[in-house]
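Number of protein chains: 2
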Amino acid sequence: MTNRKEVAKLAGVSEATVSRVLNGIGPIKESTRQRVQEAARQLNYELNAVASSFARGRSGNLGVVVPHVPKVHLFSTYYFSELLGGIGDAVHAKGYGLLLLFRDPSVTYDYVSLYRTQRVDACIILGSSAIPSETEAIVRLAEEDLPYCVMDQRFDHPRLNIVAADHERGSYDAVKHLIGQGCRRIGFLNGAPQYSNSWDRMTGYRKALIEAGIEPDESLIYEGNYSRTSGRMAASSVYANLERLDAIFVGNDRMAIGLMQGLRELGCRMPEDLKIFAYDNSDAASFTEPPLSTVKVPFYEMGRLAADRLLDLLANKDQGNPVINEKLLTDLVIRRSTGS
Amino acid sequence: MTNRKEVAKLAGVSEATVSRVLNGIGPIKESTRQRVQEAARQLNYELNAVASSFARGRSGNLGVVVPHVPKVHLFSTYYFSELLGGIGDAVHAKGYGLLLLFRDPSVTYDYVSLYRTQRVDACIILGSSAIPSETEAIVRLAEEDLPYCVMDQRFDHPRLNIVAADHERGSYDAVKHLIGQGCRRIGFLNGAPQYSNSWDRMTGYRKALIEAGIEPDESLIYEGNYSRTSGRMAASSVYANLERLDAIFVGNDRMAIGLMQGLRELGCRMPEDLKIFAYDNSDAASFTEPPLSTVKVPFYEMGRLAADRLLDLLANKDQGNPVINEKLLTDLVIRRSTGS
Numbered sequence: 001m002t003n004r005k006e007v008a009k010l011a012g013v014s015e016a017t018v019s020r021v022l023n024g025i026g027p028i029k030e031s032t033r034q035r036v037q038e039a040a041r042q043l044n045y046e047l048n049a050v051a052s053s054f055a056r057g058r059s060g061n062l063g064v065v066v067p068h069v070p071k072v073h074l075f076s077t078y079y080f081s082e083l084l085g086g087i088g089d090a091v092h093a094k095g096y097g098l099l100l101l102f103r104d105p106s107v108t109y110d111y112v113s114l115y116r117t118q119r120v121d122a123c124i125i126l127g128s129s130a131i132p133s134e135t136e137a138i139v140r141l142a143e144e145d146l147p148y149c150v151m152d153q154r155f156d157h158p159r160l161n162i163v164a165a166d167h168e169r170g171s172y173d174a175v176k177h178l179i180g181q182g183c184r185r186i187g188f189l190n191g192a193p194q195y196s197n198s199w200d201r202m203t204g205y206r207k208a209l210i211e212a213g214i215e216p217d218e219s220l221i222y223e224g225n226y227s228r229t230s231g232r233m234a235a236s237s238v239y240a241n242l243e244r245l246d247a248i249f250v251g252n253d254r255m256a257i258g259l260m261q262g263l264r265e266l267g268c269r270m271p272e273d274l275k276i277f278a279y280d281n282s283d284a285a286s287f288t289e290p291p292l293s294t295v296k297v298p299f300y301e302m303g304r305l306a307a308d309r310l311l312d313l314l315a316n317k318d319q320g321n322p323v324i325n326e327k328l329l330t331d332l333v334i335r336r337s338t339g340s
Numbered sequence: 001m002t003n004r005k006e007v008a009k010l011a012g013v014s015e016a017t018v019s020r021v022l023n024g025i026g027p028i029k030e031s032t033r034q035r036v037q038e039a040a041r042q043l044n045y046e047l048n049a050v051a052s053s054f055a056r057g058r059s060g061n062l063g064v065v066v067p068h069v070p071k072v073h074l075f076s077t078y079y080f081s082e083l084l085g086g087i088g089d090a091v092h093a094k095g096y097g098l099l100l101l102f103r104d105p106s107v108t109y110d111y112v113s114l115y116r117t118q119r120v121d122a123c124i125i126l127g128s129s130a131i132p133s134e135t136e137a138i139v140r141l142a143e144e145d146l147p148y149c150v151m152d153q154r155f156d157h158p159r160l161n162i163v164a165a166d167h168e169r170g171s172y173d174a175v176k177h178l179i180g181q182g183c184r185r186i187g188f189l190n191g192a193p194q195y196s197n198s199w200d201r202m203t204g205y206r207k208a209l210i211e212a213g214i215e216p217d218e219s220l221i222y223e224g225n226y227s228r229t230s231g232r233m234a235a236s237s238v239y240a241n242l243e244r245l246d247a248i249f250v251g252n253d254r255m256a257i258g259l260m261q262g263l264r265e266l267g268c269r270m271p272e273d274l275k276i277f278a279y280d281n282s283d284a285a286s287f288t289e290p291p292l293s294t295v296k297v298p299f300y301e302m303g304r305l306a307a308d309r310l311l312d313l314l315a316n317k318d319q320g321n322p323v324i325n326e327k328l329l330t331d332l333v334i335r336r337s338t339g340s
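From first to last, the protein sequence lines stand for chains A and B.
Residue 236 in this note's numbering is what sits at position 236 of the first sequence, and the numbering runs on without skipping anything.
Residue 101 in this note's numbering is what sits at position 101 of the second sequence, and the numbering runs on without skipping anything.
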């Protein structure tokens, strides 16, 4: 039986190029593509991706597990779309496929079976949380030494593969900026507590206050679930405390946008009556009125880094699976929602 | 060798449930999952997805081909993220995987090889255009009777599989609304001409003007490329004609947002000096100041419909591949950018 090596030799290209042409993975120069196809025809060689993957024990796909929540348009959220963009670019550059797998967040997901059934060679887990059954499922991936990476979620367990952003530092910086603007009474609209993100933001928020000699006031801390609706719903409680607030720090832009809409309807002027500092630096943060000061999170770079690290591991299997543990820094973007 | 049927019988579930559990496709009740895994263990049965797909000649994946453009964060565009959301929900409901495939838009893509190499069972093509080599590649899919669907792009060829929106009608409705508001001198910032979308919008724009007895004025027609930057770049030309314009119709929200930013910097007040009607009804359209009147396109529903139709075809192969030809209607969403 003809093999890939012979096709590569006849076409005068590398074996990788033969695979790329016959698997339809671009970009390939048109002339190269024709030469490879002609060589494959002459040698009566047709690559069957599934058959050859089976022989190699590889699928050629990087899996990306995302939560499936009915009615939530996941890809329209900045967080997921930017992470996926970074992962997609890495996958494109290395000729892999990106297999999106949807999970029901209320059900324990059996990550290991994705590998056992050879649907993926490695996987990235988005929207993970710290509930015990999820932690257990992730730990099992580590114990079986499978190539995986959890995105932006910490666990109470050493040596798990994680690429994250430094949300404690980002939050600390944001609150410190507000204090520098003369704010003393700073509220916090946080997201849901099952994400380590939310805890890290709380830690950063408290640290900045305490460092400035300000006692954190529990009655000024609110909880939403990172959706715009939850921000809007918080508006009446925030408005009721308006006399006791100089500013509010909000866990993401979506909640901040909802909160601003709700507050505006109640007659609150921003930043005059209340300064707002948001989080993410999504596109929308620059479109709002006033535009939002916000913590810029390098989601795209995080996705790209996680995928690059995993695909490198796959290419260098003899080096084992060293632990991936990366924490990227955030930046402040200052706009009119915090004053001048 | 043990087969799936025996596992299903021992576990007291359907064969489909066995596949779902062993392929890690949720949602599955925890107790069911454990029962199936226990049965598989007892019978020494382990499903190898690739091996079994090979036997069936199926990958279990729906392919989605998307253009890869460096530095453009594709998933952050409303158009792609909503289409993908609809496709993702259909795929999730039917237990398929969604294989994202990135193509270089400047290179002819060999769609047929995706099937030959069994990477996908069917595919949806996003961001297609009417250039001749692309048309040829799509026609080849039709000639080989492969299950595929092109999203929101028409070709000069009968009987190709397409799910689209009625952009001629959407544009006609938008311009007619402006005329109803007393506008006579209505400009048009259109997108790039390789998309049938752009031509359809032009047809609708002209039709509404001519029907109202207004001669279309070529000097008030501008061209961008659907990016925010291209909208911003058009601002100075539009501003130069401000005295001759009552309103401008813009081919998508992103360009409209860029145009508004550019015009505001030049001192133009909207809607007082110029009314703006945009297109898409992305999230951002409601955040801008003023919020944008816009044509609402059911992208999510279009993606869902295309995927559902293809997955139905796969499930009923004996019925052949009837032509898919759907055109969904748009709606007008009226906000402050067009006046009251």
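FYI, nobody ran anything at the bench for these hints, they're computed from the structure.
Keep in mind that this is a model prediction, so the values were computed, not measured.
Check each hint, because a few of them may be wrong.
Here are the computed lysine-lysine pairs in the DSS-like style, where the Cα-Cα straight-line distance is at most 25 Å [as the list claims (entries may be wrong)]: (1) B:K71 <-> A:K94; (2) A:K207 <-> A:K176; (3) B:K71 <-> A:K71; (4) A:K94 <-> A:K5; (5) B:K327 <-> A:K296.
Away from chain A, derived, C-beta distances all over 12 Å, residues of chain B [said to hold, decoys possible]: (6) K71; (7) P158; (8) H177; (9) G213; (10) D217; (11) R228; (12) P290.
Think of the CB as a built atom: it goes at the ideal place given N, C-alpha and C, for glycine as much as any other residue.
Comparing the hints with the structure gives:
no., hint, in the structure
1, B:K71 <-> A:K94, "holds, 17 Å"
2, A:K207 <-> A:K176, "holds, 9 Å"
3, B:K71 <-> A:K71, "violated, 29 Å"
4, A:K94 <-> A:K5, "holds, 20 Å"
5, B:K327 <-> A:K296, "violated, 40 Å"
6, K71, "violated, 9 Å"
7, P158, "holds, 26 Å"
8, H177, "holds, 23 Å"
9, G213, "holds, 37 Å"
10, D217, "holds, 30 Å"
11, R228, "violated, 8 Å"
12, P290, "violated, 9 Å"
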